[in-house]
Amino acid sequence: MEATADKSATPPAGGDLAGAPRARPGSGDGGMLGGLRKVKRFTFVDVVLWLLRIGVAFVVIGGAIGTLIKGRYEASQWVDFVVFGLTIGGVYALLALGYTMVYGILRQINFAHGDTMMAGAFSAYFAANYFKRNGMLESDAVIAMVVTVLVAMIVCTLVALTVERICYRPFRHVRSLAPLICAIGASFFIQHTFRAMYGSTVRSFPDTSWLNGDVSLLGGSMPVTQVLVIGSAAAAMLVLYLVVHKTRMGKAMRAVSEDRDAAAMMGIDINRVIVFTFTLGASMAGIGGILYMLVYKQVYFFMGFLPGIKAFTAAVLGGIGNIPGAMFGGIFLGLVESVGPALFLDGLGVPAPYQLKDAIAFTVLIMVLVFRPEGLLGERRAKRA
Amino acid sequence: MALLSVDELCVHYGKIEALHDVSLTVDEGQVVALIGANGAGKSSLLKAISGIVGVASGSIRFRDQVLTDCAPHEIVRHGVVQVPEGRRIFSRLTVQENLDMGAFLRRDHAEVRRDFERAFAMFPRLRERRNQVAGTLSGGEQQMLAMARALLSKPQLLLLDEPSMGLAPILVDLVFDSIEAIRKDGVTILLVEQNAFVALQIADIGYVLETGSIVLRESGPALLENDAVKRAYLG
Ligand SMILES: Nc1ncnc2c1ncn2[C@@H]1O[C@H](COP(=O)(O)OP(=O)(O)OP(=O)(O)O)[C@@H](O)[C@H]1O
Ligand SMILES: [Mg+2]
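Line by line, the protein sequences are chains A and B.
Residues in the first sequence are numbered from 19 upward in steps of one, following the working numbering.
Residues in the second sequence are numbered from 4 upward in steps of one, following the working numbering.
Just chain A, same shape as in the assembly (with noise of 0.2 Å):
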């Protein structure tokens, strides 16, 4: 056994994605206010922090107030966006969960989280072909995607623990890069693995009566998938959140990720609480994957990749380490994707708003990471005791 090291040396509490306290030059908490009283020695990070804040803020406004002035788009388009944005934006709070409990046990990134996920996928996607083939899709629609979802979580789940044991449990005791640049690489080897065996065809998930046309809600007429996942999305949320508060293993979970030390005192096993984790995680991945699949249409061995990043922007977002603060930031961020474009870039002009939802979400990420890396609702660093 280890003779010397800590048996388990507990990163810091205090949990912010930036890891130490950074010299913000000039602008630091205080906002405005702080920038103003140190006018004199504006220097040119501030600058530049000025010129982002000024730039970002000239695009939505006016950009919004451009785009409402031109009216190109009607109520019902609007809506569309939202409902959208709604769409895939509980896509990504699903993903965002995994990052964010792993994130708030371990102090880590899973960067293998989205290739998790398109595991999941691909995995329910062979599962649906069978039953397509054998007639259940249309016939049994409940069973065959119910054992199709089973599917996809089960894949998740046994690719998530073996990363967690490959990339993560090795470096358990020691605070360093490695782990992070382990599950970067488990990323890749998932990737090329599923290209390996699969090609790099784009795939779609099979064609099925129900899930084409229609439903009428609220007034309004919605595409039945968009009906399908955002319900799906909620129900997946909702069951977490009870797992997550008022399971044994749950409460565990909270108590190991605010004080792992203290949590092994009373007798909780922490290597259990980690593989309970990403079995959580990755379950919610495994519904993801499938939402993200019905709702772009596609299955290859990339599809991973821009979703997780996505959502852990979200998770940022929200706060990273903080359950409803990542399935806030999926929402908001499936929201500023979606209605974004029309609404802040078509105003200035920009030939092909959609073109760029990417680059909002990025530029979300960023500013959240400059500005406010604790996230939206995260705690300020010093309630931290």
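Hints are computed from structural coordinates only; laboratory data are not their basis.
For every residue, glycine included, the Cβ atom is placed at its ideal position computed from N, Cα and C.
Be a bit skeptical, because a hint or two may be false.
Have a look at the derived ranges for each label pair, beta carbon to beta carbon [said to hold, decoys possible]:
no., chain 1, residue 1, chain 2, residue 2, range
1, A, 388, B, 99, 38 to 44 Å
2, B, 31, A, 265, 35 to 41 Å
3, B, 99, A, 220, 50 to 56 Å
4, A, 68, B, 109, 54 to 60 Å
5, B, 99, A, 172, 32 to 38 Å
Go by the hints and put chain B with the ligands onto chain A.
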């Protein structure tokens, strides 16, 4: 046979040697006090017993169980439970949930319910604040919660690390009254204190730790009378 016996224990943090050849025994039913200046290594000893820090050499035995190779949660299962320095309650969990964590390993649900009642009888304030988030409790209430939480693990040996830290005198009395009550319930106690005077008053045996080594072992009353101890720790 001693309930707990620590033999020639060494603990290192990297190159820093926090404990050097520490030996100590605690007999069943005793209150043993461990006193020493800041940085003497008191918390390190308790953490080593709880399995939170690794041991460089030496052994820790509880009954006929070698704790040295056990994971922290297994040590709790064997009946050795710690109330850590600074309380370390789960501040975002409610009082009830904190206590649930204390009872985490237990399956004897009827007995757990009785122990909840006993804990609430000992610390009535906690019953009133059952559904409050623990981070909003006062310092004294947090100490009560930390002790009640440990009691719910049904300890045979309770390790207390500076339970009076940062408390007003009246609360110190309350905490020490409850330590007496816990002892009467048959729990053996190893108590680390800066507040040597109160600690030695209730202790059967006292140890003095200085820069990682035990320098004195006497009965509690004898240590209270000891000149060196008086000068160094009793002011
Ligand atoms: N995690 C750690 N890493 C490095 N050194 C440590 C660590 N924990 C404790 N030490 C060092 O080990 C020595 C003993 O510390 P310990 O906390 O056991 O003292 P203590 O007697 O409990 O002091 P106090 O009365 O202040 O609580 C100190 O010199 C301390 O700096
Ligand atoms: Mg100490």
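Which hints, by number, does the structure contradict? none
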